[in-house]
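Listed here are the chains, written in short residue letters.
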Amino acid sequence: QQQVKQSPQSLIVQKGGISIINCAYENTAFDYFPWYQQFPGKGPALLIAIRPDVSEKKEGRFTISFNKSAKQFSLHIMDSQPGDSATYFCADRKLIWGLGTSLAVNP
Amino acid sequence: DSGVTQTPKHLITATGQRVTLRCSPRSGDLSVYWYQQSLDQGLQFLIQYYNGEERAKGNILERFSAQQFPDLHSELNLSSLELGDSALYFCASTQSGRASGELFFGEGSRLTVL
Chain A
1 QQQVKQSPQS
11 LIVQKGGISI
21 INCAYENTAF
31 DYFPWYQQFP
41 GKGPALLIAI
51 RPDVSEKKEG
61 RFTISFNKSA
71 KQFSLHIMDS
81 QPGDSATYFC
91 ADRKLIWGLG
101 TSLAVNP
Chain B
108 DSGVTQTPKH
118 LITATGQRVT
128 LRCSPRSGDL
138 SVYWYQQSLD
148 QGLQFLIQYY
158 NGEERAKGNI
168 LERFSAQQFP
178 DLHSELNLSS
188 LELGDSALYF
198 CASTQSGRAS
208 GELFFGEGSR
218 LTVL
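Protein chains in written order, with our numbering: chain A, 1 to 107; chain B, 108 to 221.
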């Protein structure tokens with residue numbers, strides 16, 4: 001089964017720092033690159049997504065960048081805040097999900 | 108609030124028993140997905156229904172079954188429960204059956220098998 005590999009598994013960042021999470025995929029038919037955010041006790045919620053016709057998309061402090069040749073896409077969180085502490089997932093076509101990255105932002 | 112409702116929120120039962128988890132999708136959404144989330148396995152896709160028909164199947168055990176009813180709500184049935192079935196079960200919905208696009212998740216049903 002084709003996989004989606006996230007890294008790192010966990011991440012600790014100081015308030016105001018930059019958080020970077022990576023996702024490597026195998027399926028070359030991938031045409032939608034989402035990042036979901038999950039808080040404890042809640043279901044995942046779409047944070048930001050990109051389609052392969054653009055290399056970068058920015059929404060506020062969150063940027064998703066896409067590298068087709070490397071088959072990777074990344075989430076950058078600028079000026080990280082304690083409220084960003086959550087688990088982040090990437091996914092392939094809703095069927096195959098990364099194992100998640102647990103982000104802790106220290107105040 | 109995603110608009111997706113799951114019941115029950117918590118369920119404690121014994122090995123060998125059978126439980127039913129219920130999901131009401133967002134108004135207008137035709138597609139329902141079921142996922143299992145455990146600590147070491149991340150989010151595992153179980154099954155997808157679109158407008159009452161099974162559309163895709165993932166790592167769903169034979170002891171598990173699901174269906175989507177004419178009013179579009181869905182149920183996930185888990186039988187002959189084992190300790191390893193303890194997990195969070197999420198339902199998500201979306202308007203279309205397409206592979207891309209946003210999923211809207213419920214808050215999950217936490218199953219504990221003792």
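These are calculated hints, taken from the structure and not from any lab test.
Quick caveat, the model's predicted, so the values are computed rather than measured.
From the three backbone atoms N, C-alpha and C, an ideal C-beta is built for every residue, glycine too.
Some clues are possibly wrong.
Simulated pairs of lysine-lysine, DSS-like, Cα-Cα distance not exceeding 30 Å [stated by the list, open to error]: (1) K116(B) x K58(A); (2) K71(A) x K164(B); (3) K42(A) x K58(A); (4) K164(B) x K116(B); (5) K58(A) x K71(A); (6) K116(B) x K42(A); (7) K57(A) x K15(A); (8) K68(A) x K116(B); (9) K42(A) x K5(A); (10) K164(B) x K5(A).
Which chain A residues stay away from chain B? Per the calculated CB distances, all over 12 Å, these [what the hints assert, rightly or not]: (11) V4; (12) Q6; (13) I12; (14) D31; (15) R61; (16) K68; (17) D92; (18) L95; (19) L99; (20) A104; (21) P107.
Evaluated hints:
Annotation: proposed proximity of K116(B) to K58(A) is violated, straight-line Cα distance about 35 Å (limit 30 Å). This hinted pair checks out: K71(A) and K164(B) have alpha carbons roughly 25 Å apart, not beyond 30 Å. A C-alpha spacing of about 25 Å is found between K42(A) and K58(A), which places the hinted pair at or below 30 Å, so the restraint holds. Annotation: proposed proximity of K164(B) to K116(B) holds, straight-line Cα distance about 24 Å (limit 30 Å).
A distance of roughly 19 Å separates the Cα atoms of K58(A) and K71(A); the hinted pair therefore holds under the 30 Å criterion. Restraint check for K116(B) and K42(A): satisfied, since their Cα atoms lie roughly 11 Å apart, inside the 30 Å limit. Between K57(A) and K15(A), the direct Cα distance comes to roughly 23 Å. Compliance with the 30 Å bound is thereby established for this hinted pair. Distance restraint check for K68(A) and K116(B): the Cα-Cα separation of roughly 40 Å exceeds the 30 Å cut-off, and the hinted pair is therefore not satisfied.
As the CA atoms of K42(A) and K5(A) are separated by approximately 23 Å, the hinted pair is consistent with the 30 Å bound. Simply put, K164(B) and K5(A) have alpha-carbon atoms about 21 Å apart, close enough for the 30 Å limit, and the pair holds. Annotated as non-interface, V4(A) brings its C-beta within 12 Å of a C-beta of chain B; the closest such distance is 10 Å. A cut-off of 12 Å between C-beta atoms contradicts the statement that Q6(A) is not in contact with chain B; the least separation is 9 Å.
The non-interface label for I12(A) is consistent with chain B: the shortest C-beta to C-beta separation is roughly 19 Å, beyond 12 Å. Against the 12 Å criterion, D31(A) falls within the reach of chain B, whose nearest CB is about 6 Å from its own CB. Against chain B, the non-interface label of R61(A) holds: every CB pair exceeds 12 Å, the least being about 20 Å. Look at K68(A): its CB is around 16 Å from the nearest CB on chain B, clear of 12 Å, so calling it non-interface holds up.
With a cut of 12 Å on Cβ distances, D92(A) falls inside the contact zone with chain B, its closest approach being about 9 Å. Not every Cβ of chain B is farther than 12 Å from the Cβ of L95(A); the closest lies at roughly 5 Å, contradicting the non-interface assignment. At roughly 4 Å, the least C-beta separation between L99(A) and chain B is not larger than 12 Å, which violates its mark as non-interface. Look at A104(A): its CB is around 17 Å from the nearest CB on chain B, clear of 12 Å, so calling it non-interface holds up.
A cut-off of 12 Å between C-beta atoms confirms that P107(A) is not in contact with chain B; the least separation is 26 Å.
In summary, the structure is inconsistent with hints 1, 8, 11, 12, 14, 17, 18, 19 from the numbered list given earlier, while agreeing with the others.
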